[in-house]
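> Chains as they are written, first to last, in the working numbering: chain A, 1 to 113; chain B, 1 to 67; chain C, 1 to 188.
Where hints are given, some of them may not hold.
[Stated by the list, open to error] Not close to chain A: a few residues of chain C, all C-beta gaps over 12 Å, as computed:
no., residue
1, ILE2
2, ASP9
3, HIS10
4, ALA23
5, PRO25
6, ASP59
7, LEU78
8, HIS85
9, VAL95
10, GLY97
11, GLU116
12, GLN124
13, ASP151
[As the list claims (entries may be wrong)] Just the calculated beta-carbon pair ranges, DEER-fashion:
no., chain 1, residue 1, chain 2, residue 2, range
14, A, LEU61, C, ALA115, 41 to 47 Å
15, A, GLN73, C, ARG141, 41 to 47 Å
16, C, ARG79, A, VAL74, 24 to 30 Å
[Said to hold, decoys possible] Residues from chain A shown here face chain B by an in silico Cβ test under 7 Å; the list is partial:
no., residue
17, ARG4
18, ILE5
19, LEU12
20, ASP13
21, PHE15
22, THR16
Hints in this document: simulated from the structure, not taken from any laboratory. Just so it is clear, the structure is predicted and the values come from calculations on it, not from any experiment. Heads up, the beta-carbon is just placed ideally off N, CA and C, and yes, glycines get one too.
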Amino acid sequence: MTDRILHAPPDLDLFTRDQPRLDDAFPRRINADPETLERGLAQLVLTIVELLRQLMERQALRRIDGGTLSKEQVERLGHTFMELDKRMVELRDSFGLDEEDLNLNLGPLGNLL
Amino acid sequence: MSTAVAEQEVALIDLVDRLLGGGVVIAGDITLAVADVDLVYVQLRALISSVATAEDKHLLPRMGSAL
Amino acid sequence: MIEVYAIADHPGPPLPDVNGVRAVPAGRIAALCADVEETALSPAALWAHEAVVEALMEDRDLLPVRYGTRLADEAQVLRAVAERHDALLAALDGVRGAAEVSLRVVAPTDGPAPAEAAARVHEQLAGQARAATVLDAGESRDLLRAAYLVDRGGSAGFAEAVATHQRAHPDLRLLCTGPWPPYSFAER
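Kindly produce the complete structure, drawing on both the sequences and the hints.
Structure, rendered in structure tokens:
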């Protein structure tokens, strides 16, 4: 894996994850909060989980519409997503985040969710 | 961060740019299972552009504001 | 589920015995794919996937397919590939005998960003490559992310060029990785 670095400067850290920069993507009012760092991370993590949940949900719906699942599978899927949804709300509440906080602005790509 | 770890990370960043942001798009769904949050944390942008490309090619319906 | 790894010529050389990869032919191209279990997204999973693509690339030209491209059966794979046969063949023609090299440019200090210098470096490197494209740098602090299509075996020479530009630009930091399968040149 690392044998594919063809040229690198000694200060390679400049190219690794730039965590403080990710604050730029967060809504303004979170930035003003003194507990920003922990909530910021929680916010990002939960946003990603929410994004993936939506992607998975869409894939599942596609399968359901495609009629290739049994009634039980459909019920189970529905139940799973309901549970996921409930869990998301719990997680958000425990970090004091609401729905809007999970909506990152991505510049040219518009809002995330 | 040690050099070895930094090297692994930058190689991974370039890999994910390609795997999730590049390559031929022939299907509307990209199958991803939620798992290693650390990786996803780093690669949020690549994931989004991956979905955006599939939407642009009309392989995925536009994601509305589902919240 | 069937995971599609790459698009290659059909017919082509015998496939390596890796992950049970097989070819689903459609006209003059084939989808190289394998039966897979659901895998969680992780660095290990991505590197494992990449290893398969690179093993395939050792003795054939190919277009790598986006990660996570999974279809229910071969009929669907065939349909998806046949639909875009001519465009895929044209893209494949564009990457024959080539590999991709990646470049990232950052400014080492806060302050006025030498974006112009980065653009100049890109232009000059592009002149030494078969093709070049700028990638989305997103919210990172990169001044530039780019990909270059170079002849196979040409990545060492390209790295030399990057090193030269690095020496000429102490106000920039250049990171070059590769060779990669031509992910950034697979879609027009």
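> Next, verify each hint and record whether it holds.
Now for the hints, and whether the structure bears them out:
Distance check on C:ILE2: its Cβ is at least 15 Å (rounded) from any Cβ of chain A, clearing the 12 Å threshold; non-interface status holds. A cut-off of 12 Å between C-beta atoms confirms that C:ASP9 is not in contact with chain A; the least separation is 25 Å. C:HIS10, annotated as away from the interface, keeps every beta carbon of chain A farther than 12 Å; the closest lies near 29 Å. The claim that C:ALA23 is not at the interface with chain A holds, since no C-beta of that chain comes within 12 Å of its own (minimum 26 Å).
With a closest Cβ-Cβ approach of about 26 Å to chain A, C:PRO25 is found to remain outside the 12 Å limit, as its non-interface label requires. At roughly 19 Å, the least C-beta separation between C:ASP59 and chain A is larger than 12 Å, which holds for a residue marked as non-interface. At roughly 18 Å from the closest C-beta of chain A, the C-beta of C:LEU78 stays outside 12 Å, upholding its exclusion from the interface. In this structure C:HIS85 is separated from chain A by more than 12 Å, as the shortest Cβ-Cβ distance comes to about 25 Å.
Non-interface status of C:VAL95 relative to chain A is upheld: no Cβ of that chain comes within 12 Å, the nearest being about 18 Å off. Against the 12 Å criterion, C:GLY97 stays outside the reach of chain A, whose nearest CB is about 19 Å from its own CB. Separation of C:GLU116 from chain A is adequate, the least Cβ-Cβ distance of about 19 Å exceeding the 12 Å criterion. Under the 12 Å C-beta cut-off, the non-interface status given to C:GLN124 relative to chain A holds; the minimum distance is some 15 Å.
For C:ASP151, the condition that its CB be more than 12 Å from all CB atoms of chain A holds, with the nearest at approximately 14 Å. Between A:LEU61 and C:ALA115, the C-beta spacing of about 43 Å keeps the proposed range 41 to 47 Å intact. Between A:GLN73 and C:ARG141 the Cβ separation comes to about 46 Å, which falls inside the hinted range of 41 to 47 Å. C:ARG79 and A:VAL74 have their C-beta atoms about 25 Å apart, which keeps the hinted 24 to 30 Å range intact.
With its C-beta approaching chain B no nearer than about 6 Å, A:ARG4 sits inside the 7 Å limit, and its interface hint holds. Given the 7 Å rule on beta carbons, the hint for A:ILE5 holds: about 6 Å separates it from the nearest Cβ of chain B. Annotation: A:LEU12 was flagged as interfacial toward chain B, and the flag holds, the nearest CB pair being 4 Å apart, inside 7 Å. The beta carbon of A:ASP13 is positioned within 7 Å of a beta carbon in chain B (closest approach about 6 Å), and the interface hint is therefore held.
Given the 7 Å rule on beta carbons, the hint for A:PHE15 holds: about 5 Å separates it from the nearest Cβ of chain B. Given hint, A:THR16 at the interface with chain B, holds; its Cβ is 5 Å from that chain's nearest Cβ, closer than 7 Å.
Checked against the numbered hints given earlier, this structure breaks none of them.
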